[in-house]
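Peer 1: Listed below are the residues making up each chain.
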Amino acid sequence: MTDTTLSTQESIFTSTARDWSSDMTTFKGVPWGKAMMWIFLLSDTFIFTCFLVGYMVMRMTVTEAWPVASEVFALTVWGVSVPLLLIAIMTFILITSSGTMAMAVNMGYQRRKWAVFWLMLATALLGASFVGMQCYEWSKLIIDEGIRPWGYAPDHDLGAPQFGSIFFMVTGFHGLHVSVGVIYLITVAIRVVRGKYDHTNFEIVEITGLYWHFVDLVWVFIFAFFYLW
Amino acid sequence: MRIAYIAVILFLVTLGSVVFNFTTPFHFDAIGSNWELIDITVYITFIVCGVAFVALGLLMAWWVYKFQYQEGKFAEYEPENAKLESQLTIITTIGVVVMLAPGLVAWNDYINPPSDAYELEVYSKQWNWMYRFPGADGIFGAAHNKYVDLDNPFGMKPGDPYGEDDILITDKTVKIPVDRPVKVLLRSQDVLHDFWVPAIRAKMDAVPGMVTYFWFEPIVERVYEVLCAELCGRNHFNMRGEMHVVSMNEYSTWLNDQVTWAGMQAGAVPLSPEAALGRDIANDAGCFACHSTDGTQRDTGPTWLDIWDGTVELDDGTTRVRDEAYIVKSILDPHAEIVLGYTTTMTTSELTDEELQSILDYMKGLKSAPAKQETTDENESENAEPSSEVDSTTIPGEDPSTN
Amino acid sequence: MATEGQQHPIKIYFLIWLLLFVLSFFSYLVDFYHLEGNLRWFLIVVFMLLKAGFIVAIFMHMKWERFALIFGILTPPLALVVLMFLMAIESDYAWSTRVVYMGEDPAPKPESPSHYKKSEEEKGH
Amino acid sequence: MATVEVPYQETVPLHHPKTWIGKYIFSQDHKIIAVQYGITAMAVGLVALILSEFMRLQIAFPEAGFMAFFTADHYYQAITMHGMIMVIYLLTAFLLGAFGNFCVPLMCGARDMVFPFVNMLSYWVYLLSVIILMISYFVPGGPTGAGWTLYPPQTITQGTPGVDWGIATMLISLAVFIVAFTMGGLNYITTILQARTRGLTLMRMPLTVWGIFIATFLGLIAFPALFVSAVMMLLDKFLKTSFFMPAIVSLGSKLEYSGGQPLLFQHLFWFFGHPEVYIVALPAFGVISDLISVHARKNIFGYRMMVWAIVAIGALSLIVWAHHMYVAGMHPSFGFFFATTTLIIAVPTALKVYNWILTLWRANIRITVPMLFALAFVLTFIVGGITGLFLGNVIIDIPLSDTYFVVAHFHMVMGVSPILAIFGGIYHWYPKLTGRMLNDTIGRIHFYFTFIGTYAIYFPMHYLGFIGVPRRYYETGISEFYPVAAHNLNKFITIAALIVGVSQILFIFNLVHSYFKGKKAPANPWGANSLEWCTPETPPRHGNWEDRLPTVHRWAYDFGVPGEEKDHIPQTVPRRKAS
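As they're listed, the protein sequences go chains F, R, A and C.
Going by our numbering, the first sequence runs without a break in its numbering and finishes at 229.
Going by our numbering, the second sequence runs without a break in its numbering and finishes at 403.
Going by our numbering, the third sequence runs without a break in its numbering and finishes at 125.
Going by our numbering, the fourth sequence runs without a break in its numbering and finishes at 579.
One chain only, chain F, in its complex shape (with noise of 0.2 angstroms):
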């Protein structure tokens, strides 16, 4: 039997040596949900890196011009043009869910079941406007601009064809990890207050809420590099 006494007067490196070295679990007091889903968030960082990687040499490597991305991306308010208004929002609404969903992990922790399910139900609805959102602008780039995944549509030539390619393509992707996590999180929603979790202490509403964090985060590097840089 292994005594996991946690002092407080430990460095952190002895910790971790103790905690690797120890039987039965690394990550102490970490449920197996938990672990798992920060292993997958890590193969996910592996993977939005790479397409952000491809980005990064796309922009670098091509002769064309690239198009200047807040006059792509500007939104026309009674006739006046605002550069980035909708991404603006866009980004506020997604740190506002991020932000609902850290309550409903608080909540989840007092216990307080139909607290968490309308604070997840909050952040499901937030995202899915998000998506929504998302589906406007790129009707707008699609319809107004003739941006095309491929290029542009005639008379639209802004520049480098992968200008649409990578930015459909990595938004998209991150889109579906934001439907995706809509649809997580209202599904975690109902068991919570279904009482399928009664029985353990609500860790698995920290762990949708670490997906959804996740893809917060990854659109905070979205935000910087394909509309500000």
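Take the hints with a grain of salt, since some may be wrong.
[What the hints assert, rightly or not] Straight-line Cα separation of at most 20 angstroms, PhoX-like style, residue types lysine-lysine; simulated pairs:
1) C:K254 / R:K146
2) R:K364 / R:K329
3) C:K240 / R:K146
4) F:K113 / F:K196
5) A:K63 / A:K11
6) R:K183 / R:K172
7) C:K254 / C:K237
8) R:K157 / R:K175
9) C:K566 / R:K73
10) C:K240 / C:K254
11) C:K254 / R:K157
12) C:K31 / C:K18
[Unchecked claim] Calculated from the model, a selection of chain A residues having no Cβ within reach of chain R, i.e. all distances over 10 angstroms:
13) F14
14) L35
15) V56
16) M62
17) L74
18) V100
19) Y101
Keep in mind that the hints were calculated from the coordinates and are not lab data.
For each residue, glycine too, the CB sits at the ideal point set by N, CA and C.
Let chain F serve as the given structure and place chains R, A and C on it in line with the hints.
Peer 2: Only chains R, A and C this time, still in chain F's reference frame:
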């Protein structure tokens, strides 16, 4: 005690490998370039690795033989031996350094061509080689795949002043002077290719969308076979070229006979509308990937020059008159009759009757001597106007007066 | 399995929430005021990394995880740093061969989006 | 706040399936899933074997009448499918899917994987990916003939067989495989990290589990790069994006691509592809370490060094990828970096070889069939590793890349060696899995044919590379680089390949025959120490252990401990009180 056959087998396999190594005729052939450093590095690696292989193999065979199972015997209990392990680490590290150091020195040479190296561009496409010299000014004109068409096989950038005197060789054979370092620039029209002459040791991929390079200095006058070393489609194995390493005089004479880009543009004679249409259709169908139209012999398919005359020997030993029926049959059913010396990788063409007729019109016009006016742009030397640029061409980057 | 869970005062979530809004607003301002060059890139990256750091540390509770987990998750992406760094070097090399040998324009001017032109035309009328 | 940890699996009940389908088809039992993975991988491996025999016949007898049907297209399709099947669908799936599933819970003293349902899903998604791959042969144009590396632009331009549909089925199949692998891999890792039994610290785990652990971890962070490149290539093919496609004139027609970078694909592919080599090699290392130690009746020499070597190889394998691209035209200075990292990786790898051989010293070696395979593995791995030192050194790679030297090297190190490890592992664990012994005589005959045959195929093949015979040539003709002697050598190699191929029938016969007629196996036929031999029943039933999970008191290699009665002490036996 039972004989441990496996110990004997391990011993024999180790020993046999060594014997094979020393008796086999299969080793690097005589080197034809300056890259002895590569051979030396290989030699050092052979020694280091060979010693390790023999030592480990024999040790294993011996110990398997010696420490066979005996009922009731206990093996030595020795979980680890820090001293031995660190010694082995050090020895291995030394071995690795011995192999790596000359390799890195040689690589430093490999990626830094000497300043007196002249440039040769190898332009590859499915499935043959073309070459370009920078001409009198010693500077290549810009070239890009987006400019390529039937009258501009190298994709020379229109209006680039450096390009006019570039010497274009659409034949698969290139001649280079002996004892002169050459920096080979590689471009590709379609897919990855790799210009490789085994005896030269050096090679590099040609990558579309960028320019790669390597350099070498040929030291033996001889004809070398050029191979493609990077899989490039169904005719990859037939993508051969020739590199003649010749004396400086022969090289200069040969180069003077080659056409410049300016000469090629001036010499291009328009075809009749039917024949031009036929040429475009044949081009779209990919015919020119395997068949030349200027008499160049390629391993991929017979040339179309003078195809309308005479007879041909087939691979079943029979002889056939090359009339229209034969040619139509060869286009529509390429596997039916195969010319001696070729393997067919040709796919069955789906052409309408009109398209077929246009191609036949074009092929009919491809005659060598009397019909010189009708030959296409791919015909080099005859159409080359002996301009002053060509005459003054010597080794690029070198003052002609010193020659 | 013994799980204490991640219970933390709600105050800190609100604080981070607010901070994320503020940082996003700042990075938006970088674009709004058309800052250019190194300053722009520096600010974008700083705000991006700060936001990413807060999300991972607070919202994903990594700050409170044991170092065994933090270490396990944060070291492997170092390989990606190598990949990114090398790809940046190589992309620059490939680009330079395109400019030197293929006659590509080293500094092309980006075109304005069409709708931008249209709105300018409307102003002109 | 002192808590005493209890293995979580002990506190939750296990739901046993009631129906036959639940037990054997849609089973969530890790042992059944391992068998399903193994059988599927072997079946698809047989396809790859047959393809390779056709290729060998074509190389040796290009003029022969019976090879007339085999066109260049068929040849290139065969090399592509053979390579991809062997690397991904056989070796990765077998070593991680079959051995991983079987060994990890048993050797960790767990009841099952942490999420058995996801584990089951992993197998069925893997089967789906195999089916999609096999559909390649039935779509118009056949499977892709781009070579297993699938380098663009060639992969998606005319002039390559299977450019219309074969490439799509290949890429989709790969993406599906990655999904399957991720589901399985997350399970293996979480099980190893979080579901070990009492007393089983990481440094007491058998090396098999260590190999599988690091390999799976590598897989989880390397397969994403393949996934990304597959997605980008599918978009290039079907949506005409220009990620990997610059301006191209393909067979006379201008394509509508511009500005892409083909080298990006190669980098992403090898960022996956090199770790993939170790995804296959590390589990094999682990299995071989265990086989040698058990059958030599001696502790593995330098266990800690072996573990750290596995970890170091795993970490380094992520930064050596471009040694596959020395002649690819990448940035010239990369040669220095990648040659150095590659040769550094040789040090831990060499140490593993030394330790295997040092384990034999003053051992008490039982020449069993698994031991035969283990010894053969060490020799073929030495050859493969040493030729790797040639190719890893950038300047030597220049003349040798894309020749038969490369073919011989990677077959030796990544084909023959892991397959010998797989055979050894099957002969070793079959008694535990089925409760019956495999036939010893057939096993020995099978071993000698396989080992000597494959050695005869690949050792001489290196030398064809020295004279410059290029790989992936459908037909060479008589050429400067291809003398008659080389042609005769090729004939010899082909005959050896045919013999090896046919001798595998013995193995399959042995598997099937022994399952019904084999000798009943005792619980611990080899006298091994690790936990899988301590199960209360043989074969272990669903749940593996009794109510209480086993407690581990020692490492898995206590063989020949002085002063003990038996020459092996299982991990569950308590240590004596220190006197």
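Peer 1: Of the numbered hints stated previously, which ones are contradicted by the structure, given in increasing order?
Peer 2: Numbers 8, 18, 19, in rising order.
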